[in-house]
Amino acid sequence: MTRLFWKTIRLVSAAGICLALSFAFAPFVLGDVQQREIAVRVGGLACPFCVYGLEKHLGRLPGVESVETDLAHGQVVLRIEKNGNPPTEERIREAVKRAGFTVIEIRGGTSSGIGDGVD
Amino acid sequence: MMVPSSARSRAHPRAGRAGQLFIAISVLAAPCAAVRAGPITFSTALPIPEGQAIVRGQAFAASASGRRNGAKRDLTILASPWVFAYGARRDLAFFVAIPAVVYKSLEGEGSEQTRDRRATGFGDVALFARYTLFQRDLGGETFRIAPFAGLEAPTGEDGVGDELGRLPRPLQPGSGSWDAFLGSVLTWQKIDLELDLDLGYPFNGRDEGVAFCDQAFGDASFQYRLWPCGLGRGLPGFFYAVFESNLEWQDKNRIGGRRDPDSGGWRWFLAPGLQYVGKRFVLEAIAQLPAFQALNGEALDTDFQVRVGFHWNFWLPLS
Numbered sequence: 001m002t003r004l005f006w007k008t009i010r011l012v013s014a015a016g017i018c019l020a021l022s023f024a025f026a027p028f029v030l031g032d033v034q035q036r037e038i039a040v041r042v043g044g045l046a047c048p049f050c051v052y053g054l055e056k057h058l059g060r061l062p063g064v065e066s067v068e069t070d071l072a073h074g075q076v077v078l079r080i081e082k083n084g085n086p087p088t089e090e091r092i093r094e095a096v097k098r099a100g101f102t103v104i105e106i107r108g109g110t111s112s113g114i115g116d117g118v119d
Numbered sequence: 001m002m003v004p005s006s007a008r009s010r011a012h013p014r015a016g017r018a019g020q021l022f023i024a025i026s027v028l029a030a031p032c033a034a035v036r037a038g039p040i041t042f043s044t045a046l047p048i049p050e051g052q053a054i055v056r057g058q059a060f061a062a063s064a065s066g067r068r069n070g071a072k073r074d075l076t077i078l079a080s081p082w083v084f085a086y087g088a089r090r091d092l093a094f095f096v097a098i099p100a101v102v103y104k105s106l107e108g109e110g111s112e113q114t115r116d117r118r119a120t121g122f123g124d125v126a127l128f129a130r131y132t133l134f135q136r137d138l139g140g141e142t143f144r145i146a147p148f149a150g151l152e153a154p155t156g157e158d159g160v161g162d163e164l165g166r167l168p169r170p171l172q173p174g175s176g177s178w179d180a181f182l183g184s185v186l187t188w189q190k191i192d193l194e195l196d197l198d199l200g201y202p203f204n205g206r207d208e209g210v211a212f213c214d215q216a217f218g219d220a221s222f223q224y225r226l227w228p229c230g231l232g233r234g235l236p237g238f239f240y241a242v243f244e245s246n247l248e249w250q251d252k253n254r255i256g257g258r259r260d261p262d263s264g265g266w267r268w269f270l271a272p273g274l275q276y277v278g279k280r281f282v283l284e285a286i287a288q289l290p291a292f293q294a295l296n297g298e299a300l301d302t303d304f305q306v307r308v309g310f311h312w313n314f315w316l317p318l319s
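From first to last, the protein sequence lines are chains A and B. Residue 37 in our numbering sits at position 37 of the first sequence, and the numbers go up by one each step. Residue 109 in our numbering sits at position 109 of the second sequence, and the numbers go up by one each step.
Worth flagging that the hints you see were computed from the coordinates, not collected in a lab. In this text, a Cβ means the ideal position worked out from N, Cα and C, and glycines have one as well. Misleading hints may appear alongside valid ones.
Claimed, not checked - Result set (PhoX-like, lysine-lysine): computed pairs, CA atoms no more than 25 Å apart in a straight line: (1) A:K97 to B:K279; (2) B:K72 to B:K252; (3) A:K97 to B:K72; (4) B:K72 to B:K190.
Unchecked claim - Pair by pair, the computed Cβ-Cβ distance ranges are: (5) A:P62 to B:F314: 19 to 25 Å; (6) B:A241 to A:R60: 33 to 39 Å; (7) B:Y131 to A:G63: 19 to 25 Å; (8) A:R93 to B:L289: 43 to 49 Å.
Chain A extracted, bound-state conformation (with noise of 0.2 Å):
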């Protein structure tokens, strides 16, 4: 009785060991990172000169932290703002317009899918 009561209690220690290193994992685990970014392939960029433009014009967006650019893959990263809501496929799409580029792409999640550079 005694030894099923102790093996009771280390089964339940454990399984909230691993319930809290669960939760404090979470976001790594999970990828909380992933769910803060947004990858825009972008048609027709082509240069480090052009991205300039791109890149303001995404950065301006609401909710947008910052920017960054992966010109080999043509794929612009936006890292949305902590406590801020991503911004919407429409105005992704509105403000490649009207830095003149076309959208190919927009995918929520992660830049996991960018590759590891091409020649």
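With chain A fixed as given, assemble chain B onto it according to the hints.
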């Protein structure tokens, strides 16, 4: 894009024979040059985003020489043309080209007619617009066609004189006439290369009873990325090797309904250059060397033209 300019391939018949010397030189084509990364001696169809402004400055030097009536003549032209460009809409951009400082020096040997004469001053201001008529964007690639049209106003100084009197019109920094021009530019750009082509036709105005000649020009530019060879993540600056071709044709001037035999002709330049393109600025240099010149009468042959310049991006939203 090239726009006509007072000093570009134009001789003023009233200036007498001295004016014909200048037919061989194209000077302020520089202000019409690109305000985007791309060609160095003309423009591109690449976009200027709405609310973005670009300033371009160039230092330009040209030399021409030849003989007239047995006397040797050397022409030197220095200029500092500036262009301000603004993206009004995604498909519409406006440009102001200002040849801020123009210095022209004609040095001759022999008689008084061929003595040294010099002029310094502001050139004519050109205003023009470019509209993106066709645009096809793919990943890392774009193809665009953009016609342009504009006016060159007689804002430059055209009354500069020396002890011999008023300088010939082609030596003046300004033209004294209103000129219109139109043309179109085509751009195909990929992540590692770019090709630009343009065609243009200036409609030259009339000043003091003189009709300037008609002109036409066609340019081509090929840019190839030298560095970095491979692209990783991020936004590196690009080093391009640039090779350009500039073809110009000028008809003969008309004076009182008659053609001036010492004006007009063909010129073809080949131009190797280098360009560094970053996110905020571009640095560039090019030398235009004459490959073919067939000028009428006693015009001077161009020896070379050199341009060194920069572009700078800045944000200027009006709304």
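Checklist entry - Are the Cα positions of B:K72 and B:K190 separated by 25 Å at most? => result 48 Å, violated
Checklist entry - Are the Cα atoms of A:K97 and B:K279 separated by 25 Å or less? => result 19 Å, holds
Item to check | Distance restraint hint 33 to 39 Å, applied to the beta-carbon atoms of B:A241 and A:R60 | outcome: For B:A241 and A:R60 the Cβ distance comes to about 36 Å; the hint holds.
Next on the checklist: Just to be sure I understand the hint, the distance between the Cβ atoms of A:R93 and B:L289 should be within 43 to 49 Å; is that true here?
Outcome noted: Given a distance of about 46 Å, which is inside 43 to 49 Å, the answer is holds.
Next on the checklist: Looking only at beta-carbon atoms, does the pair A:P62, B:F314 fall within the given range of 19 to 25 Å?
Outcome noted: Hint holds: Cβ distance 23 Å, inside 19 to 25 Å.
Checklist entry - When you check the alpha-carbon spacing of B:K72 and B:K252, does it fall within 25 Å? => result 23 Å, holds
Item to check | Proposed proximity, B:K72 with A:K97 (alpha carbon, max 25 Å) | outcome: Violated, at about 57 Å.
Next on the checklist: Against the range 19 to 25 Å, how does the distance between the Cβ atoms of B:Y131 and A:G63 compare: consistent or not?
Outcome noted: 33 Å, violated
Violated hints, listed in ascending order, are 3, 4, 7; each of the other numbered hints is respected by the structure.
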